[in-house]
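Undergrad: Dock chain one against chain two, each of which comes alone in its own frame, and use the hints as you go.
Residue numbers (our numbering), protein chains in the order written: chain A, 15 to 149; chain B, 61 to 138.
For the record, the hints were derived by calculation from the structure and aren't laboratory data.
Here the structure is a predicted model, which is why all the values come from computation and not from measurement.
Wrong hints could be hidden among the right ones.
[Claimed, not checked] With the Cβ distance kept under 10 angstroms, some of the chain B side facing chain A (calculated, not the full set):
id	residue
1	76
2	77
3	78
4	80
5	84
6	87
7	90
8	95
9	96
10	97
11	98
12	112
13	122
14	126
15	131
[What the hints assert, rightly or not] In silico DSSO-like cross-links for lysine-lysine, where the CA-CA straight-line distance does not exceed 27 angstroms:
id	chain 1	residue 1	chain 2	residue 2
16	A	97	B	92
17	B	114	A	97
18	B	92	A	113
Quick reminder that beta carbons are idealized off the backbone N, C-alpha and C, glycines included.
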Amino acid sequence: VPRLQATEVSPGRFLPLLSLTLTIDQVEVGGFGVVDSGADMTMLPDTAVEACGLDYDDIPGTAQVGEGAGSQFEFKLCDGSLKYDGKELCQQFAVAAPKHHLRWALLGRKEFFTKYVVRFAWHRTPPDFNVDPVK
Amino acid sequence: MAMAGRTTELEDRLEFEIDPALQKELLRHPGKWVTMTRHEVIAIGDTPQEVLTKARAEGHRSPILYQVPTPGEDVYFF
Chain A
15 VPRLQATEVS PGRFLPLLSL TLTIDQVEVG GFGVVDSGAD MTMLPDTAVE ACGLDYDDIP
75 GTAQVGEGAG SQFEFKLCDG SLKYDGKELC QQFAVAAPKH HLRWALLGRK EFFTKYVVRF
135 AWHRTPPDFN VDPVK
Chain B
61 MAMAGRTTEL EDRLEFEIDP ALQKELLRHP GKWVTMTRHE VIAIGDTPQE VLTKARAEGH
121 RSPILYQVPT PGEDVYFF
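Pulled out of the complex, with its shape left as it was, chain B reads as follows (with noise of 0.2 angstroms):
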């Protein structure tokens, strides 16, 4: 009980800069440009000015840009 009890209070102070929901949403639209919160999508396409502007026209000032890569991609290199 006492480590049931330690390990509730670890995964409280877990945070999540993506909620894990959307990343598993994310991960279905490989190569995708995305615009979104922490979240939601707002927004799925082939450019960034295409879902920009979806996301300022609903509203949104300073939606998160983001272009899920695709699996096996060299993602990282400097």
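Here chain A stands alone, though its shape is the one from the complex (with noise of 0.2 angstroms):
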């Protein structure tokens, strides 16, 4: 399995990103996500959705609240497919409110951990991981 460099994404500062591809209504965009086996779920950030043309306040539903990392969050359900080298995660995500300022999407256990076993080596310099699909 190819180990997969940590980016840099401000100096010093690496994170274990991967470039994803979300499709909303037939449009498309690109983003990021950190692999976080922290999170439960998978949640990306408003900007995500809203480059596919939908608006935060325009998700279906009523806004729900989740704790994490010692603090709460608010999130909506959003209909969508997001990719992963081509395999989909899940066609459906939650989206965290604008007021959290989510920079990627979060890759959490039951879309991405189910699917990818995940190892880490942050002993190195840079920093690499590497993913391996579940057989």
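TA: Here it is in structure tokens:
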């Protein structure tokens, strides 16, 4: 399994980012997701769905509140197709409210870790990791 | 020589989600919105709409949208 080098998102700060494709109502946009074993579910920034032409306020349904890392966050569930490496991860995902300024999708256990085995090598410089599809 | 060969083999198996040279280029634009491919910047601007519009006008059907973090910013909170 090839190793993926972590992305230097600010000087000296690395994150395990993967490039994703989001499609909503036939509008497609690319983005990045952080491989996040601490996240229950996959969550997208509002800017990602907005790039597909859907404002957060126009996502059907009511906002929900979840908890993570000692804080609460507001989100809505949204229908669409989220893919990594051409493979669909899910057809529904959470979208963080704009006030959270989420920059990347969080690839959580439910949608990502059930489909990929992830190994981190954060002791290396720069850090790297690999994602191996579940067979 | 054997060690050098092994290192090369490992390096051959290392892939990048974003080209390393592009990562360095992005670091020069903290706080900006960017549309890009995994290998090159398409547009840099202050809003996602601005850079998306430019990318799609140039024929990129599915550009990657990215906002470059600012140094020291708490970018990961959930």
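Undergrad: Work down the list of hints and note, for each, if the structure agrees.
TA: Consistency of the hints with the structure:
The closest approach between the C-beta of residue 76(B) and any C-beta of chain A is roughly 5 angstroms, which is under the 10 angstroms cut-off, so the hint is satisfied. Look at residue 77(B): its Cβ gets to within about 5 angstroms of chain A, closer than 10 angstroms, so that hint holds up. Because the smallest distance between the Cβ of residue 78(B) and any Cβ of chain A comes to about 5 angstroms, under 10 angstroms, the interface hint for this residue holds. With a cut of 10 angstroms, the hint placing residue 80(B) at the interface with chain A holds, because the nearest CB-to-CB distance is about 7 angstroms.
With 10 angstroms as the threshold, the beta carbon of residue 84(B) comes within range of chain A, its nearest partner Cβ sitting at about 8 angstroms, so the hint holds. Hint on residue 87(B) holds. Least Cβ distance to chain A is approximately 6 angstroms, under the 10 angstroms limit. Because the smallest distance between the Cβ of residue 90(B) and any Cβ of chain A comes to about 7 angstroms, under 10 angstroms, the interface hint for this residue holds. For the restraint placing residue 95(B) at the interface with chain A, the shortest Cβ-Cβ distance is roughly 9 angstroms, inside the 10 angstroms limit, so the hint holds.
About 8 angstroms separates the beta-carbon of residue 96(B) from the nearest beta-carbon of chain A, less than 10 angstroms, and the hint is met. About 8 angstroms separates the beta-carbon of residue 97(B) from the nearest beta-carbon of chain A, less than 10 angstroms, and the hint is met. For the restraint placing residue 98(B) at the interface with chain A, the shortest Cβ-Cβ distance is roughly 6 angstroms, inside the 10 angstroms limit, so the hint holds. Taken as an interface hint, residue 112(B) checks out: its beta carbon lies about 6 angstroms from the nearest beta carbon of chain A, inside 10 angstroms.
The closest approach between the C-beta of residue 122(B) and any C-beta of chain A is roughly 4 angstroms, which is under the 10 angstroms cut-off, so the hint is satisfied. Among the interface hints, the one on residue 126(B) holds; its C-beta lies about 6 angstroms from the nearest C-beta in chain A, closer than the 10 angstroms criterion. A least Cβ separation of about 5 angstroms between residue 131(B) and chain A falls short of the 10 angstroms threshold, and the interface hint therefore holds. Our distance criterion of 27 angstroms between C-alpha atoms is met by residue 97(A) and residue 92(B), whose separation comes to about 25 angstroms.
Proximity of residue 114(B) to residue 97(A) is assessed by CA-CA distance (about 24 angstroms); at most 27 angstroms being required, the pair is judged to hold. Taking the CA atoms of residue 92(B) and residue 113(A), the gap is about 18 angstroms. The hint holds against a cut of 27 angstroms.
Every hint, counting from the list given before, is met by this structure.
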